[in-house]
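> Each chain is listed here by its residues.
2 protein chains.
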Amino acid sequence: MAEQQGNMPHQSALFTDLYQLRMMQSYYAEEMNAVAVFELFFRKLPSNRNFVMAAGLDNVLSYLEHLHFTDEEQDWLKQQGGFSQQFLRQLQDFNFTGDVFAVPEGTLVFENEPVVQVIAPLPEAQLVETYLLNQIHLQSVLATKAARVVSAARGHKVVDFGSRRAHGTDAALKVARTSYLAGANATSNVFAGRAYDIPVVGTMAHSFIQAHPSEYAALRAFIQEFPDTTLLVDTYDTLAGVRKVIALAEALGQDFKVEAVRLDSGDLGKLAKESRRLFDEAGLNQVRIVASSGLDEYKIQALLKEGAPIDGFGVGTQLAVSGDAPEIDFSYKLVEYASRPRMKLSSSKELLPGRKQVFRFFEADRMKRDVIACFEENSDGKPLLEQVMSQGKRLEQGRVSLENAREHARQQMALLPPELHALQRVKLGYPVAVSNSLRQTNEQLQRELAVELSPRLSAS
Amino acid sequence: MAEQQGNMPHQSALFTDLYQLRMMQSYYAEEMNAVAVFELFFRKLPSNRNFVMAAGLDNVLSYLEHLHFTDEEQDWLKQQGGFSQQFLRQLQDFNFTGDVFAVPEGTLVFENEPVVQVIAPLPEAQLVETYLLNQIHLQSVLATKAARVVSAARGHKVVDFGSRRAHGTDAALKVARTSYLAGANATSNVFAGRAYDIPVVGTMAHSFIQAHPSEYAALRAFIQEFPDTTLLVDTYDTLAGVRKVIALAEALGQDFKVEAVRLDSGDLGKLAKESRRLFDEAGLNQVRIVASSGLDEYKIQALLKEGAPIDGFGVGTQLAVSGDAPEIDFSYKLVEYASRPRMKLSSSKELLPGRKQVFRFFEADRMKRDVIACFEENSDGKPLLEQVMSQGKRLEQGRVSLENAREHARQQMALLPPELHALQRVKLGYPVAVSNSLRQTNEQLQRELAVELSPRLSAS
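Which chain is which? The protein sequence lines are A and B, in order. Here the first sequence is numbered in my numbering, starting from 518 and rising by one per residue. Here the second sequence is numbered in my numbering, starting from 518 and rising by one per residue.
A portion of the hints provided could be inaccurate.
Each pair may be met inside one copy or between any two copies, as identical chains are not told apart.
[To be verified] Below, a list of computed lysine-lysine pairs in the DSS-like style, where the Cα atoms sit at most 30 Å apart: (1) K595 - K774; (2) K787 - K561; (3) K595 - K674; (4) K816 - K561; (5) K561 - K899; (6) K944 - K816; (7) K816 - K790; (8) K790 - K674; (9) K674 - K816.
If you are wondering where the hints come from, they were derived from the structure by calculation, not from laboratory data. Being a predicted model, the structure only gives us computed values, none of them experimental.
Please model the complete structure; the sequences and the hints are all you need to start from.
Okay, here's the thing in structure tokens:
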């Protein structure tokens with residue numbers, strides 16, 4: 518498998534759309550090497566989201582720091598044909614020399630607000646579009662989903678069980694990372710635990726029960742090795758399984774250290790109540806109840822609403838694929854080149870021109886409203902975009918530990934107006950305005966571009 | 518970033534759920550090292566799917582061939598604590614020694630049909646669950662989506678533009694791979710083109726137009742470098758853009774080699790018709806029209822139905838995330854251990870016990886019905902599961918080039934009954950029966966397991 522050799526996709530300059538390389542060649546040929554500003558933002562909140570939690574910046578900065586074309590990659594491009602000798606020579610010394618401004622990971626963002634701003638020579642800023650979108654999109658989709666799940670769980674533990682249904686290995690790792698960022702407690706993925714230094718937890722699978730001569734024998738064997746584990750009790754019949762755990766407690770006495778049981782099928786609310794009652798009657802109040810099986814924020818909210826005595830939630834598929842909103846319309850758009858603002862007018866894909874800043878206003882310890890403004894505008898609001906990279910080097914502001922980003926995410930959720938924690942879309946969402954100055958720039962540029970709308974050719 | 522060092526997730530034995538490692542330790546401690554059979558299958562077709570196209574086997578076999586714990590990984594596990602010294606020693610020489618049976622990539626499969634069958638010592642077969650599910654799930658979700666898009670495009674070209682919205686770098690590569698498998702013509706992802714040796718294509722982006730003093734100047738500059746390219750015409754106004762391409766043709770005469778224009782916004786059907794008319798009136802019948810912008814199989818079908826003269830489709834987000842069915846309920850379940858069939862009874866997650874084969878029957882050059890049977894049953898039908906790995910080594914049957922798998926996928930789609938090509942769910946879907954013999958095994962095992970359902974403890 519070629520993909521398993523050499524530079525990995527997330528490190529490789531070839532992880533890009535072919536058109537980026539073609540445009541680069543053309544920019545170099547025209548000596549269009551002036552500074553461009555690209556902004557990464559989304560236009561529309563998915564239908565049942567009241568916010569997006571921005572994530573993925575750490576990977577983006579790591580990618581930009583290491584970006585280069587290896588000798589093998591240059592040879593391969595040469596063999597493909599279609600590129601000029603001059604361009605291929607220019608790739609030899611290519612690296613990213615630009616500045617990056619961004620909102621810190623875990624920040625809540627809204628429609629049309631720049632999340633990442635790349636200020637770099639045009640060819641460099643163009644090449645990186647594909648990877649930047651790929652990672653900011655994925656990780657923001659996942660962090661947003663995880664923030665909703667954590668919010669619905671109201672302080673109960675949430676664990677990422679999503680590796681098997683995440684879209685590939687990279688997504689599986691990023692589910693673990695972004696879930697933790699958004700407040701989940703742990704992941705089941707061992708590789709992710711090692712990569713991000715986050716807690717890893719694991720229970721047992723049905724196959725373990727099935728492989729043994731009886732459920733009781735299986736449970737007894739497992740706690741021989743892992744006394745303080747979580748036991749799975751629904752392989753044959755949940756309440757019969759619970760009774761076997763109680764029998765084990767009676768048999769083992771002081772040596773019984775089982776922390777929890779896991780319910781993985783059936784009416785979880787009802788089974789949790791009956792299991793709790795059985796354990797409490799047996800004097801096993803310390804045994805916790807953990808639930809899994811197709812959970813998402815809606816089901817967790819419903820279970821807690823009906824008073825299900827569930828202490829922790831294992832969330833898999835829906836945390837991993839964000840099934841009700843698997844995509845957000847993130848774009849990466851040129852807003853300025855050679856110190857002139859730029860825009861496009863494509864039908865229903867309009868673009869606010871020029872380099873921007875987002876100012877956030879607060880009231881009574883909550884976020885109140887945002888204003889999207891020209892970058893250099895003065896405002897009493899708190900600017901969201903901070904410089905995280907200078908001339909291709911990561912700044913201290915761009916080195917945020919996952920723990921610190923998690924704390925920032927927690928604070929952001931605490932600042933969110935209570936009504937926007939709803940799992941359904943709130944009619945009057947969070948207010949985001951455009952500043953007068955930005956609106957004027959926009960109108961002026963529209964007038965200047967009018968010539969492009971006529972069938973006559975422009976002067977050039 | 519730790520994830521960028523050492524073994525990559527898709528090669529690492531640590532890309533697994535923690536519970537797999539815990540169960541392994543327990544199996545080793547109990548000397549439960551006999552042969553297990555696990556089957557990977559899905560229970561329910563997503564609501565608007567009439568088939569699933571199986572994919573991902575090549576990656577799975579590559580993973581199994583190379584599976585081991587590196588010294589660093591062993592050290593890390595040791596540092597974590599929680600595992601026995603004996604188990605950690607056993608990991609030193611761990612590799613996968615089992616057999617694998619599977620349906621070839623590109624095969625169309627249905628509910629409850631095993632797609633991959635792993636026959637290996639229990640601890641080995643257990644460890645690999647997470648990666649096998651991760652890849653077969655992802656690639657089958659994507660191949661199925663791509664097969665629908667290709668089918669809807671009715672012979673018109675389909676190109677994967679999905680890298681930026683795919684869920685991570687691995688998914689982006691797999692979108693390219695599975696789309697090609699399912700009949701798409703090319704990808705925009707350069708890394709994927711190199712990794713899988715598939716055609717890579719690219720046009721240009723709005724930023725290129727915006728960065729230039731005028732749209733005309735941009736188009737002219739781009740064909741200077743890439744004369745036979747595809748030009749993007751919707752940055753300011755689509756038909757004004759088309760007229761600029763026509764003016765370019767007039768200016769360049771014989772040197773005008775532009776192959777196509779790309780429409781990326783607005784009413785694509787109407788704009789394609791008007792663009793076609795403008796080009797034809799200008800004598801530019803050879804200029805093709807390519808469309809992109811939020812396309813999926815439903816929109817492509819509608820565009821072709823209204824007679825839109827579109828020659829090729831660039832499909833991005835929906836091909837990449839399969840938004841209408843981002844997940845399939847694939848599971849990997851123990852069906853046999855130490856030569857005895859196994860099952861579970863968890864509510865609405867029942868399992869057909871024992872090692873199985875799927876036999877397919879044909880009539881008048883179409884697939885007619887499938888029978889899920891015990892593995893050793895005789896049948897006139899064509900068995901779908903083939904041996905692809907023996908004692909950890911890939912067999913010739915397991916080495917299928919992507920081109921050959923693509924041809925197999927094409928034949929499979931040609932064998933699918935015409936009504937099942939519908940984009941909506943067909944009421945009476947493809948018939949899949951369970952053989953009498955398998956039904957009897959199932960009933961017998963249910964009787965044997967009755968003891969587990971009673972509150973009394975079993976003998977052991």
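> Against the structure, test the hints numbered earlier, and report the numbers of the ones violated in rising order.
none
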